[in-house]
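K.L.:
Chains as they are written, first to last, in our numbering: chain Z, 1 to 192; chain D, 1001 to 1473.
Derived by calculation from the structure, the hints in this document are not laboratory data.
Mixed in with the good hints, there may be bad ones.
As the list claims (entries may be wrong) - Capping the alpha-carbon separation at 25 Å, the derived lysine-lysine pairs in DSS-like fashion look like this: (1) Z/Lys131 to Z/Lys50; (2) D/Lys1456 to Z/Lys52; (3) Z/Lys97 to D/Lys1307; (4) D/Lys1270 to Z/Lys71; (5) Z/Lys71 to D/Lys1391; (6) Z/Lys35 to D/Lys1307.
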Amino acid sequence: MAIGRFTSSILMYSEKDLVKECLGNNAKAHEEFYKRYATKMYGVCLRFAKNKMEADDILQEGFIKAFTNLKSFRNEGSLEGWVRRTIVNTAINHVKKFAKYKKDLDIDTAEPVRNLSSNAVDKISIDELLKLIKDLPIGYKMVFNLNVMEGYTHREIGALLDISENTSKSQLSRARHTLQRKVNEIYNNDRF
Amino acid sequence: MSDKNINIDDLFRDAFENFEVDPPEHVWENIQKNMHGNGKGGSGKSFPKGGILGISTIFILSSLFFLFSTDNISSNSEKIALNSDINNIETLLAVNNSNNNALQNTPHNPEQSFIDKGYVNVSPSTKNSGIESLDKRGNDAMIAVSTVNEDNIHGSVTANQVGSPAYNNNPTNFKEQKNQVSDDSDLLAMGSSNNINSTIKASAPIPEESYEISPPVEMIEKNEKQTSGSESGTGPEIKSDYGKRGDIYFGLYFTPEVIFYPSDNNLTNKSYSLDLNATYKFSNYLLQSGIGIMSSTDNGQSKVDFKEYLGSYEDVYDITFDTTSGVPVPTYHTETVDVYDSIQHVTVTPTKNKYTYLQIPVLFGYGEELRRFSWFVKGGPSLSIMINENKSSVNLDNDNNRVINVDSEIPSRIKTNWQILLSAGVTYKLGNHVSIGVEPLVRFYMKSAYDQNTLKTKHPYSFGIRSGIIVNF
């Protein structure tokens, strides 16, 4: 995926100064803040959202939230990590409004996931992978994104989504199985 | 990658590691509008502008109202000044004569026209031989003059106004004549109305022509009715709530309310308010304003990013040697260093945020009285200004854990908010000065009480029951 046009512009502020200027309601600083992180964060939004319009909403809401709550950033981690968590939390809240993902699946019913052939991997584009994630049932998508892509533990996911730890595990197992099946389908279609 | 099997997690993780996409331009435009310009009071920073605007509006309305009131008062004052003596007497005159002739008269004084509905009650006396003889023999007549509440004056006898110029047209003369009251004069009669509050004695030559003046029939009936009501023990006459001029009432109300956000999964929110207001009633209309304190609570959750506390160690940051005894003895200078897990954790904790608002309504209404009950409807703008915000602190299992970030699910609230308030209610008079009232109300919010973009509902509404006690002095 091409690097976004925003990231190619010259950066005026260091991370610390950028935060300071944004807190001072400096419009240029706000713009630079957005340019620095918008493309990466939009990628995150696209993984959580069911379509581009929803991703737009999440990105917009997330950045407004980031600007509003920037004073709570304590300079103890990276600013990008903080923005990412804000965007992910916004995405969770956004999706929670419209979706139910409390379908309690038994983890024992999930089939084991086998590794993919590297040949299959090479043939799949990132757009196809993104579509695979988007097409997942909402519960699978949330747990897969949070656990695999964002590194949250099942306990943390349970707390965030208000589901049990076991439900989170079972949803992840199902998500993996579904994705693997679909990746194989793509590979087989391409091969033949 | 070609010879190895790839785990599905790794496949996606690797693919999206540097995944970047240009967002549409309208996203940044919308963010800019929210942050810098067209937020139009949506953020907390709008408080000074919105607050000043609101307070100014209320100040202007109040000023106009009091100017209007002052004009009336000064106008009346001028008239009252012209009738300074008679003003104390007001309208109800009771003159007793020995012939038991009931006479009524209203001083034919143009300057008294402000008591436009006054009446004079002249009732019989028991001792004196009559007004005629008083007049002819030069004796002092005893005139009992009672005052009534100006607002309760109903009758009119202007058609029968007759009298000597000395009595009727010149209050000064009347005053002088009052001073001629003799000690042995009789107090002839007192008005029996409960509205009679004071009595003065005055001597005046009562013109013969005025003997036969009768009060309007309806006033006699009313007076009799009031008298019989009092005598029969039906309790004091209840003052009318409405239809009077210039009455000010003070009320203390408690109001529980439920706010509805229909576009946000039927989100509801409760609030409680205590308010003190003043109501000015003129004719059947009322104007009400005051101040109130409203308390509201938001319950939700906060996501807390933290690093777990693992322990501490003593870090030696300096060593000095003491060689005074010939042998170098090291002294270690240390400081305690806390150690945290390198992995960042997240937990969700319940959060309760409390908000306190100052409320300033300006309401205009209409009402009528039905014996002890009265009903009314009213409506108008109401301004809420946040005066206190108490966000609960984060509670982690271990207080030594280092909090990296707190992200509350609860949307933040804006500082000022305008609403349109409509209510209808009833009051019940417990006595002349005390009433209780209850009024269901509906409040339409001009915009959400929360920051823009956090909730979908742009115009929440609330229902409440306002109940309280009303007093007037």
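K.L.:
It remains to establish, for every hint, whether it holds in the given structure.
P.N.:
Now the hints, each set against the structure:
1. Z/Lys131 to Z/Lys50: Answer holds: lysine 131 of chain Z to lysine 50 of chain Z is near 9 Å, not above 25 Å.
2. D/Lys1456 to Z/Lys52: It holds: about 19 Å lies between the C-alpha atoms, which stays within 25 Å.
3. Z/Lys97 to D/Lys1307: violated, 29 Å
4. D/Lys1270 to Z/Lys71: violated, 29 Å
5. Z/Lys71 to D/Lys1391: holds, 15 Å
6. Z/Lys35 to D/Lys1307: violated, 29 Å
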